[in-house]
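Residue numbers (my numbering), protein chains in the order written: chain E, 194 to 327; chain Y, 194 to 327; chain B, 194 to 327.
Please keep in mind that the hints were generated in silico from the structure rather than gathered at the bench.
Keep in mind the model is a prediction, meaning the values are calculated, not measured.
Every residue gets a Cβ at the ideal spot worked out from N, C-alpha and C, and that includes glycine.
Possibly wrong hints are sitting among the right ones.
Stated by the list, open to error - Pair by pair, the computed Cβ-Cβ distance ranges are:
no. : chain 1 : residue 1 : chain 2 : residue 2 : range
1   : E       : I199      : B       : A217      : 23 to 29 Å
2   : B       : Y273      : Y       : E223      : 38 to 44 Å
3   : E       : G271      : B       : D211      : 19 to 25 Å
4   : B       : G224      : Y       : E223      : 22 to 28 Å
5   : Y       : N315      : E       : G296      : 25 to 31 Å
6   : Y       : I199      : E       : R269      : 45 to 51 Å
7   : Y       : R265      : E       : R202      : 26 to 32 Å
8   : E       : P261      : Y       : R218      : 40 to 46 Å
Claimed, not checked - A partial selection of chain B residues facing chain E, derived with a Cβ cut-off under 7 Å:
no. : residue
9   : L227
10  : I241
11  : A246
12  : D251
13  : A289
14  : G301
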Amino acid sequence: MRTELITIRTGDQPVVVDITAEAARFVAGEGDGLLNVFVPHATAGIAILETGAGSDDDLLTALEDVLPADDRWQHRHGSYGHGRDHVMPAFIPPHATLPVLHGRITLGTWQSICLVDPNGDNPERQVRFSFLPG
Amino acid sequence: MRTELITIRTGDQPVVVDITAEAARFVAGEGDGLLNVFVPHATAGIAILETGAGSDDDLLTALEDVLPADDRWQHRHGSYGHGRDHVMPAFIPPHATLPVLHGRITLGTWQSICLVDPNGDNPERQVRFSFLPG
Amino acid sequence: MRTELITIRTGDQPVVVDITAEAARFVAGEGDGLLNVFVPHATAGIAILETGAGSDDDLLTALEDVLPADDRWQHRHGSYGHGRDHVMPAFIPPHATLPVLHGRITLGTWQSICLVDPNGDNPERQVRFSFLPG
Numbered sequence: 194m195r196t197e198l199i200t201i202r203t204g205d206q207p208v209v210v211d212i213t214a215e216a217a218r219f220v221a222g223e224g225d226g227l228l229n230v231f232v233p234h235a236t237a238g239i240a241i242l243e244t245g246a247g248s249d250d251d252l253l254t255a256l257e258d259v260l261p262a263d264d265r266w267q268h269r270h271g272s273y274g275h276g277r278d279h280v281m282p283a284f285i286p287p288h289a290t291l292p293v294l295h296g297r298i299t300l301g302t303w304q305s306i307c308l309v310d311p312n313g314d315n316p317e318r319q320v321r322f323s324f325l326p327g
Numbered sequence: 194m195r196t197e198l199i200t201i202r203t204g205d206q207p208v209v210v211d212i213t214a215e216a217a218r219f220v221a222g223e224g225d226g227l228l229n230v231f232v233p234h235a236t237a238g239i240a241i242l243e244t245g246a247g248s249d250d251d252l253l254t255a256l257e258d259v260l261p262a263d264d265r266w267q268h269r270h271g272s273y274g275h276g277r278d279h280v281m282p283a284f285i286p287p288h289a290t291l292p293v294l295h296g297r298i299t300l301g302t303w304q305s306i307c308l309v310d311p312n313g314d315n316p317e318r319q320v321r322f323s324f325l326p327g
Numbered sequence: 194m195r196t197e198l199i200t201i202r203t204g205d206q207p208v209v210v211d212i213t214a215e216a217a218r219f220v221a222g223e224g225d226g227l228l229n230v231f232v233p234h235a236t237a238g239i240a241i242l243e244t245g246a247g248s249d250d251d252l253l254t255a256l257e258d259v260l261p262a263d264d265r266w267q268h269r270h271g272s273y274g275h276g277r278d279h280v281m282p283a284f285i286p287p288h289a290t291l292p293v294l295h296g297r298i299t300l301g302t303w304q305s306i307c308l309v310d311p312n313g314d315n316p317e318r319q320v321r322f323s324f325l326p327g
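Start from the sequences and build out the full structure, keeping to the hints where you can.
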C-alpha cells in the first residue's frame with residue numbers, strides 16, 4: 194500500500210473543496226486497485242459530488258437545515274453551534290473507497306471527490322490517500 | 194482486482210433497487226477479500242438495507258423530507274427540484290466496501306445491497322463491482 | 194485477509210458505542226493495509242466521531258430529528274417507530290474502510306470508531322473487522 198498525506202486550505206468559512214485533481218495525481222501511474230480517501234479530522238467528511246453547478250453550496254445549505262448551527266448541541270466549544278460540525282461525519286463520513294483502473298479513478302463524468310468542511314475554526318485540513326493494488 | 198460494470202434499469206420514478214443477487218453472482222467462486230460497489234453517477238447512491246418490508250419506500254419518504262424536491266437548490270436543470278438529487282450522494286454515498294469470505298458477501302440475514310436512484314430523468318444506471326482478493 | 198467477528202453489548206436504549214480499542218487490538222502487529230469495519234445488522238451503522246464530549250448523544254438527538262420514531266414508516270414491527278431504525282443505515286452506513294500503517298489505524302486525535310445502534314430491541318450486536326494487507 195502506498196500512502197500520502199496532503200494539506201488542503203479550507204479557510205474560515207464552511208466549504209466544499211474539490212480534491213479530485215490531487216487524488217488523480219496520487220494514483221497516476223498505478224495499475225488496478227482501490228483508492229482510499231480519508232480525513233483524519235473529527236469535523237470534516239468526504240463526499241462524491243458534481244461541483245461547479247451549485248451542488249457544493251446546496252450541500253452546505255442542506256447541512257445547515259439537517260444539522261443547524263444553534264445551541265441544541267451538548268458538545269460546546271469554539272464557534273456558536275460548532276457542536277453540529279462534530280455530528281456531521283456520522284452523515285458525511287470521513288472516508289471513501291473508490292476503484293482505480295490503469296491508474297485512473299473510475300469516477301463518472303460528473304463526479305468529483307470533495308472535502309466537506311463545515312468548520313470555520315480550522316483553516317487547514319489534512320487528507321490521506323492510500324492505494325491498495327490488487 | 195477483478196471488476197465489472199453492470200447496467201440496472203431504474204425507470205422514471207425515484208426507486209430503491211435491490212442488487213444483492215448481482216453482487217453475489219459477481220463474487221461467487223472467489224475466496225476472501227473486499228467487494229467494492231460503486232455507482233459512477235452524480236445522482237445515485239448505494240445503501241445497505243432490509244428490502245421487501247417497506248424500508249425501501251420509507252427511505253424515499255425520508256429523502257423527500259431531508260432533501261425536498263423544491264426550488265431551494267442552486268443547481269437547476271432537468272425536472273423540478275432535481276437539484277436535491279445532486280446533494281443526495283453526500284448523504285447516501287455512491288460507494289460501499291464489504292467483506293467477502295469464501296466467495297460470499299458477509300451480509301447479515303436482513304441486509305441487501307441497494308441502488309438508490311431518486312432521479313427519474315435517468316432510466317438506466319451503471320454499477321461497478323470490484324473484488325480485491327486478500 | 195484476516196477477519197474476526199466480535200460481539201458488543203448495546204443494551205435496550207439507543208446508543209453510540211466506541212469500539213476503537215477493539216479495532217486497534219485487531220490490527221495491532223499488522224503492517225500496512227486497509228481495515229474494514231462492518232456490522233451485519235439492518236438497524237445499525239458505523240460512524241467516525243469524537244466521543245466523550247457529548248457528540249455521541251448529539252448524534253442520537255439529530256437522528257431523532259432526521260428520522261423520527263413515529264408512525265410514518267411502512268416498515269412496522271417491534272417497538273413504536275422502529276421503522277426508522279431500518280432507514281438509518283442508508284444515512285449512517287454499516288461499513289467503514291480505514292487506512293492502517295504499521296499496525297495502527299491512522300485516525301486523527303479526536304476520531305473514534307463508533308457502533309451506532311438506535312434499536313433498543315437488540316441488546317447485542319456483532320461487528321466484523323477485516324484487514325487486507327497491501
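Verification of the hints:
1. E:I199 to B:A217: 23 to 29 Å: 25 Å, holds
2. B:Y273 to Y:E223: 38 to 44 Å: 42 Å, holds
3. E:G271 to B:D211: 19 to 25 Å: For D211 of chain B against G271 of chain E, whose Cβ atoms are near 22 Å apart, the range 19 to 25 Å holds.
4. B:G224 to Y:E223: 22 to 28 Å: Between G224 of chain B and E223 of chain Y, where Cβ atoms are some 23 Å apart, the hint holds.
5. Y:N315 to E:G296: 25 to 31 Å: For G296 of chain E against N315 of chain Y, whose Cβ atoms are near 28 Å apart, the range 25 to 31 Å holds.
6. Y:I199 to E:R269: 45 to 51 Å: At roughly 48 Å between Cβ atoms, R269 of chain E and I199 of chain Y fall inside 45 to 51 Å, so the hint holds.
7. Y:R265 to E:R202: 26 to 32 Å: 29 Å Cβ-Cβ, so the 26 to 32 Å window holds.
8. E:P261 to Y:R218: 40 to 46 Å: 44 Å, holds
9. L227: 6 Å, holds
10. I241: It holds, given that the least Cβ distance between I241 of chain B and chain E is near 5 Å, below 7 Å.
11. A246: 5 Å, holds
12. D251: Since chain E brings a Cβ to about 5 Å from D251 of chain B, closer than 7 Å, the hint holds.
13. A289: 6 Å, holds
14. G301: At about 3 Å, which falls below the 7 Å cut-off, the nearest Cβ of chain E leaves the hint on G301 of chain B intact, so it holds.
Consistency with the previously given hints is maintained throughout, with no hint failing.
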